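J.: Residue numbers (my numbering), protein chains in the order written: chain A, 1 to 121; chain B, 1 to 420.
If you're looking for bench data, these hints aren't it; they were derived computationally from the structure.
Once the Cα atoms are required to be at most 30 Å apart in a straight line, the calculated DSSO-like pairs of lysine-lysine come out as:
hint: 1; chain 1: B; residue 1: Lys386; chain 2: A; residue 2: Lys40
hint: 2; chain 1: B; residue 1: Lys417; chain 2: A; residue 2: Lys40
hint: 3; chain 1: A; residue 1: Lys35; chain 2: B; residue 2: Lys398
hint: 4; chain 1: B; residue 1: Lys74; chain 2: A; residue 2: Lys59
hint: 5; chain 1: B; residue 1: Lys351; chain 2: B; residue 2: Lys396
hint: 6; chain 1: B; residue 1: Lys155; chain 2: A; residue 2: Lys80
hint: 7; chain 1: B; residue 1: Lys396; chain 2: A; residue 2: Lys40
hint: 8; chain 1: B; residue 1: Lys108; chain 2: B; residue 2: Lys24
hint: 9; chain 1: B; residue 1: Lys71; chain 2: A; residue 2: Lys59
hint: 10; chain 1: B; residue 1: Lys382; chain 2: B; residue 2: Lys396
hint: 11; chain 1: A; residue 1: Lys90; chain 2: B; residue 2: Lys156
hint: 12; chain 1: A; residue 1: Lys35; chain 2: B; residue 2: Lys385
hint: 13; chain 1: B; residue 1: Lys396; chain 2: A; residue 2: Lys35
hint: 14; chain 1: A; residue 1: Lys37; chain 2: B; residue 2: Lys398
hint: 15; chain 1: A; residue 1: Lys80; chain 2: B; residue 2: Lys156
hint: 16; chain 1: A; residue 1: Lys59; chain 2: B; residue 2: Lys156
hint: 17; chain 1: B; residue 1: Lys382; chain 2: A; residue 2: Lys37
hint: 18; chain 1: A; residue 1: Lys37; chain 2: B; residue 2: Lys371
hint: 19; chain 1: A; residue 1: Lys32; chain 2: B; residue 2: Lys385
hint: 20; chain 1: A; residue 1: Lys35; chain 2: B; residue 2: Lys364
hint: 21; chain 1: B; residue 1: Lys156; chain 2: A; residue 2: Lys78
hint: 22; chain 1: A; residue 1: Lys40; chain 2: B; residue 2: Lys385
If you anchor each label on the Cβ, the simulated ranges turn out as follows:
hint: 23; chain 1: B; residue 1: Arg387; chain 2: A; residue 2: Ala63; range: 43 to 53 Å
hint: 24; chain 1: B; residue 1: Arg222; chain 2: A; residue 2: Asn94; range: 27 to 37 Å
hint: 25; chain 1: B; residue 1: Asp203; chain 2: A; residue 2: Asn94; range: 30 to 40 Å
hint: 26; chain 1: A; residue 1: Glu92; chain 2: B; residue 2: Pro133; range: 31 to 41 Å
Model, not experiment: these values are computed from the prediction.
Quick reminder that beta carbons are idealized off the backbone N, C-alpha and C, glycines included.
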Amino acid sequence: MEKREMICIVCPVGCHIEVIEDKNDPSGYIVKGNKCKRGKEYGIKEVTNPTRIVTSTVKVNNAHLCRLPVKTNNPIPKEKISECMKEINKVEVNAPVEVGEVIIRNVLGTGVDVVATRDMC
Amino acid sequence: MLQYDIVVIGGGPAGLAAAIAAKKNGVDSVLLIERDRELGGILQQCIHNGFGLHEFGEELTGPEYADRFIKELKELNIEYKLNTMVLDISENRYISAINTEDGFMTIKAKAIVLAMGCRERTRGAIKIPGARPAGIFTAGTAQRYINMEGYMVGKKAVILGSGDIGLIMARRLTLEGAEVKAVVELMPYSSGLTRNIVQCLDDFNIPLLLNHTVIDIEGKDRLKGVTIAKVDENRKPISGTEKYYECDTLLLSVGLIPENELSRSANVKIDPVTGGPIVNESMETSVKGIFACGNVVHVHDLVDYVTAESRRAGYNASKFVKGELYEEKDTIKTNPGEGIRYIVPHMVRVKNVEDSLELFMRVKDVYTNVKMRVKSGENIIKEMKKRHLAPGEMEKVKLNLKKIEGKLDDITVEIVKEGA
Numbered sequence: 001m002e003k004r005e006m007i008c009i010v011c012p013v014g015c016h017i018e019v020i021e022d023k024n025d026p027s028g029y030i031v032k033g034n035k036c037k038r039g040k041e042y043g044i045k046e047v048t049n050p051t052r053i054v055t056s057t058v059k060v061n062n063a064h065l066c067r068l069p070v071k072t073n074n075p076i077p078k079e080k081i082s083e084c085m086k087e088i089n090k091v092e093v094n095a096p097v098e099v100g101e102v103i104i105r106n107v108l109g110t111g112v113d114v115v116a117t118r119d120m121c
Numbered sequence: 001m002l003q004y005d006i007v008v009i010g011g012g013p014a015g016l017a018a019a020i021a022a023k024k025n026g027v028d029s030v031l032l033i034e035r036d037r038e039l040g041g042i043l044q045q046c047i048h049n050g051f052g053l054h055e056f057g058e059e060l061t062g063p064e065y066a067d068r069f070i071k072e073l074k075e076l077n078i079e080y081k082l083n084t085m086v087l088d089i090s091e092n093r094y095i096s097a098i099n100t101e102d103g104f105m106t107i108k109a110k111a112i113v114l115a116m117g118c119r120e121r122t123r124g125a126i127k128i129p130g131a132r133p134a135g136i137f138t139a140g141t142a143q144r145y146i147n148m149e150g151y152m153v154g155k156k157a158v159i160l161g162s163g164d165i166g167l168i169m170a171r172r173l174t175l176e177g178a179e180v181k182a183v184v185e186l187m188p189y190s191s192g193l194t195r196n197i198v199q200c201l202d203d204f205n206i207p208l209l210l211n212h213t214v215i216d217i218e219g220k221d222r223l224k225g226v227t228i229a230k231v232d233e234n235r236k237p238i239s240g241t242e243k244y245y246e247c248d249t250l251l252l253s254v255g256l257i258p259e260n261e262l263s264r265s266a267n268v269k270i271d272p273v274t275g276g277p278i279v280n281e282s283m284e285t286s287v288k289g290i291f292a293c294g295n296v297v298h299v300h301d302l303v304d305y306v307t308a309e310s311r312r313a314g315y316n317a318s319k320f321v322k323g324e325l326y327e328e329k330d331t332i333k334t335n336p337g338e339g340i341r342y343i344v345p346h347m348v349r350v351k352n353v354e355d356s357l358e359l360f361m362r363v364k365d366v367y368t369n370v371k372m373r374v375k376s377g378e379n380i381i382k383e384m385k386k387r388h389l390a391p392g393e394m395e396k397v398k399l400n401l402k403k404i405e406g407k408l409d410d411i412t413v414e415i416v417k418e419g420a
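Pulled out of the complex, with its shape left as it was, chain A reads as follows (with noise of 0.2 Å):
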């Protein structure tokens, strides 16, 4: 990685960023183009390690709909997204279910758990 544009999404300003690398710099990369100092580690974080929570549905048994909604408890990295999709679409569970409830536990090694968003019953 060189140089990579991105829009920040810390606050509703939305500014186009710059991550370039940059080995001089103690972060290990210069941020242009933000307005303020969020935006510069909003920036690193996106190159370095960017996560995010993921949220999606399981089949649910027994219950009023077919569906049940969960969500990763924490933010995942993204290049698993769609290796933890795989995992959630494996799954099965039967009503009742409480929200909060874990339904995979340490979703690919990541240490963080798929649990559900609703009650179902």
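Got chain A; can you put chain B on it based on the hints?
T.: Frame of chain A; chain B shown alone:
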């Protein structure tokens, strides 16, 4: 005939917050009516996260956000009826409703809170030409099918409109294995939140085509493809720019319309700009004792703003029931000035404002480095520098009325460009 002090119509975030606020302010006789089989409204299908940053200081999913309010409602023993359709409301606050348990009901309320939310604009409303095959959905309908009912809507999709639901669905379809070929936006800017453009489109390399629209639909039984063209500054398609996209699904995220059929039946005056009731500082409509809040008044982009507004409506409905609201004296108007599309509330009875007055508004265009100016009559009472304003992001102005010297006159909010 049933009788209640306050009847809330709609069990989404607005209705829940209003009913809770009314009960907490000492009105025990509260009934909430919901037409779906469960409470929570559209939040139940919005399984993505990002709700509640203002309210709870954390990012919740839609169902989690709803869950907190549903549990609070139940803890407060607030009565509610599910699977119940309100058919009519009269000006003197009689409600006709029906369900399969109670049959037809007439309910007399001392105060009513309208919290029916909004509907999606459909293909018919925007008049897309072409064939009429299966495979064309509003984005919210597709969201409900996928996230709640467990039906996948298609394999190759084009999304028309870059509102937040369209963006969220672009990511959702992609995660579920469909290919989203493009999100097409008629305007030169997206009406969605920036973070949704980044996390739902950029993350998955889905192209956003600004200044484009769908001009033809092909397919007999099922959708086969759509033709997309670039539009000029008058938003008319430019000949020669047509491009065909093969797809089996077209999602429409082309705007939301407040659902005011019931409000109209009660002769509530509607603002043609917002599509919702004209309201005062207490969220009371033009009909005495009928209050309104949430997306039925104006379409919000953050549920936290719906919650805040609805608490105010529920609280003031309870004050009305207790005879604590002041009648219409010293009423001033709020006027959208240069660059402002609308302001809610439309009217303010100054005496009823307890601490500060919050004005919600939308701007007409994208502005950078401008000032937002608030005037009372001709006097400037507040000025704020704004680095970025867009029609997709609702603006909030808080006025501390006690700090304003002299008598308050009609309030105007306007955008002032640099150097003016």
